[in-house]
Amino acid sequence: MSQEEFNPKILGFLCNWCCYAAADAAGVSRFQYPPSLRTVRVMCTGRIDPLFVLKGFAAGAAGIFAGG
Amino acid sequence: MEAGRSPNIEILSNTDLLSLEGKKGDFTAKVRIRPRYIDADKCTACGLCTKYCPKHLSDSYNEGLNLTRPIHIDYPQAVPATYFIDPSTCMHLQHGTCKICVPVCRSRAIDFSQKAKKRSIGVGAVIVAPGFGRVPDEALEKYGYGSHPDVVTSIEFERLLNPSGPFQGEVRCLSDKRHPKKIAFIQCVGSRDLGCDNGYCSSVCCMYAIKEAMVAKEHDPDCEITVYYMDLRTQGKDFDAARTRAEEQFGIKFVRSEVADVMNWGDKGLKLTYSTLDGAHHFEQHDMVVLSVGLDAPADAKKIADITGIALNRYDFAETSTFAPLETGVKGITVAGAFQGPKDIPESVTQSSAAAGMAAGLIKSQRNKGVVVKNYPAEVAIEDEEPRIGVFVCHCGINIGGIVDVPGVDNSVEGMEGVVYHTQNLYSCSQDAQEVLKDKIREYKLNRVVIAACSPRTHEPLFQETMRDAGLNRCLIEMVNIRDQCSWVHANEPDAATDKSKDLVRMGVAKARLIKPLPEQTVPVTRSGLVIGGGIAGMTAALTLAEQGYSCVIVEKNARLGGHLLDSRYTLHGENTADLVKRVTDQVKKNRNITVMTASELVTTNGFVGNFSSIIKSGSGKKAGEHTVDHGVIIVATGGSSHKPAKILGKKPPKGTRIMTQLELEQRLGGKGKNRAPGSVVMIQCAGSRGDDLNYCSKTCCIEAVKNALKIKEINPASQVIVLYRDLRTYGFTEDYYREAREKGVMFIPYSLDKPPLIKVATRKVEVSYDDPILNEKVTVSPDLVALSVGIVPDSTEELSQMLKIPVNANSFFLEAHVKLRPVEMPVSGVFICGLAHSPKPLDEIIVQAQAAAAKATMPLVKGEVSVEPIVSHVTEDTCIGCGICASLCPYQAIEMIKVDKKRKARTIVASCKACGICASHCPTFAITMGGFTNVQIQAQIEAFGATGETTGD
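So the protein sequences, as listed, match chains W and F.
Add 24 to the 1-based position in the first sequence for my numbering, that's all there is to it.
Add 241 to the 1-based position in the second sequence for my numbering, that's all there is to it.
Careful, some of the hints might be misleading.
[To be verified] Lysine-lysine pairs mimicking DSBU-like chemistry, simulated, CA-CA at most 35 Å apart:
| id | chain 1 | residue 1 | chain 2 | residue 2 |
| --- | --- | --- | --- | --- |
| 1 | F | Lys-1146 | W | Lys-79 |
| 2 | W | Lys-79 | F | Lys-1046 |
| 3 | F | Lys-1046 | F | Lys-896 |
The set of hints was computed from the structure by calculation and includes no laboratory data.
Chain W extracted, bound-state conformation (with noise of 0.2 Å):
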């Protein structure tokens, strides 16, 4: 694998509702993306408290995602 590719390492808040439930859909229909999310399930995006997304750049996150 090329060290100079741009692999960024993005964390993600997924709804349990929508989101997560889109992204196993994803899954069920073998839809292809990029491997550079980690995800934590929230019950619902309203639960993302702003220290989180805090957090998880301090953690080393090249973005954060909110999916709800």
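For chain W, the structure is supplied; the task is to place chain F on it using the hints.
For chain F alone, kept in the frame of chain W given last:
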């Protein structure tokens, strides 16, 4: 699986029904349980016996495409998960030799002394659901089946596509194991074929052929696939969209034709000869030919009929009627599934719910007697213990293991804080894996479990149940999704998928260290229902609820009950719909359990499953009034009506006295007018549907057209009837009527969208011109009448969708919770759906769906309580400052402000809480915690996300 786990369902597999005596409420069934030669209580399904068994057996589970052994299990997730010995091939049972398996089995489960056992079972009601049988071989042989190995049935092809199939999910020709590059599907094999006395349409083959073709394309995108068909019958909900996808996205070719034969073509493979509508003959080379075989009556249909006394139709399926689709001639015996007529999974599941509800209604006097309540061992208190985490990484056959390095992921947790045990599973969800999980919890005194497998959305309940069986609180499990959101979506990047899995598992373990047991909570249920809509669906649902002993209120917006069935006159089978409406309306009015509110509308609904409260507005003007109704469940039966197209075949809809809809024609034909059956009629199918303003198939229009055409021919045999259609979708047994119409001289002429028929309205006449594909020329006729099949639209679903927070699909029909598994339930608990508001469908299917919705709705009413997910929010009173931000933000009105010692405090109404956590993320004093999603847990996950360096080393 769920049935296998229920303590109130006893599954007798390997068992024959010998006799059934008695009557409704008091039957005695005599059964013979064939020996398995294996003690089910001792067998651990380890599979060692199969490895040692020296004899081969054709694997019937894989359609004989590969070999298994006489001692075997059909597939790993089989219920019961007990092996069995096939007596016809076992060397010991045949010749008294061998017995190698006996010492091999460590749990000493093999017992050759087992004999067949007879048993008498007393029951109150019987449901007959033997499924379907195979079409006769003669129907297959004419396409070369049996003489060429690369001609396979669709069921064999399904096994070829399957990861647990003969080539582990690779599609290969059976002749030389090469990957086929050109595959043909031949439709209507053993269906719509009087040659094998199967005159009916099997309803499911077009759709499964499309599915199999799309999956085959996914396996090999370069593979060319052609489907040879007569009419493409994708009449189910959203099925046409799948067909379009197959054509446009997957490049699957559809050829309307009749296949003459399939011959061996030496090196080239197979030669398929077919003729198109214009009479021309063509041939085509294919590597593999798949025969889309129909569903026949079960092989032992006659025996079942003899034993139970139920009647069969001319094709040996169970005989039932339009108005009572699941009732057999014998009281107390209902039928469900494909034995009632060929059908797909959603409809079979719907029918079985309805049949179970009817059976439960029959025996309601015995309710709650003799029921086994599942007892769980007392929960072990773990609060004071250090976390002892067990990690189980699942291969999911090859679904995960084929891409992700599962052993690598398993090793990566070694040494993580708190992890005391880790292992891999082939299928974590199989019954034997649950036993292993319980054993390991005991052995290693685990108090937290991480399962890295599929989605918690589908499998968390299963593992939670196992946790309870093991004496742990069910919230002490954390699932990590490395299938749906990893191996499946990164199939081409195994290394990256493995890294992602390791990261996700590490995050899961970090959270697991902090998860805590949460208490179970239940809320009582108001034991009554609200039925929205007083058409045939709503009335049937209300009667079914009443039959089960529960009261309900029907809210109907019109002044009288009956809905759109009042506009109808007769059915295809000749039954009088007015009789049905009258009979059902009378039953509803007489029933003391049912309150009817006509000219009424639902204003608002508040609450949650078991505890809804609705305001209903009745009457108008001075008489208007509002009532509040408390109820436990809601059944939505708001119906649908004839579409009024804005465009027909790309043009403005024609108008005039000679133009009418099929429904208007039916009303005219059902009347008494002398000239009610016109001398000539042209019927135009899909007028406004499948491409104009409606994008879907309305399922019933073809049947309605055939019905009216036959009626015209009955009244006026000299009448000329022409039906212009795209795909004639008389599925199931209605195909017989289509044939009858053709025999009676009704002309059915297909048209395509590139050359649609033209309708010209002049002052005194109407002209229709169309391309006749058989004559291959343009034909113009001036019929007395043009009948348009306009399709069905749902009635005002958007408004109700907002009010009850239930979703609709792209075509504004309500969207069920799961198409196959929960076809009559809405995603909001306690809300059920039936009738045309769900999708267009004929009368018999509406009745069954209404019965099914009511049967499902009865479940919380019978239980008398609903359990609340323990992940709801909780306010810590000490830190709450009573600011009320949470209560104002909560979208479910699930937080109330109360006074505690004269101080304002927030409190969660647990049954309303959906655990979204908006309150928790906005609380300025962090006084609100979310069960299973606490701040510290999520922060631990975030920190573990950042801790990449430990494992990947970049």
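Hints, one by one, checked against the model:
no., hint, result
1, F/Lys-1146 <-> W/Lys-79, "holds, 30 Å"
2, W/Lys-79 <-> F/Lys-1046, "holds, 34 Å"
3, F/Lys-1046 <-> F/Lys-896, "violated, 39 Å"
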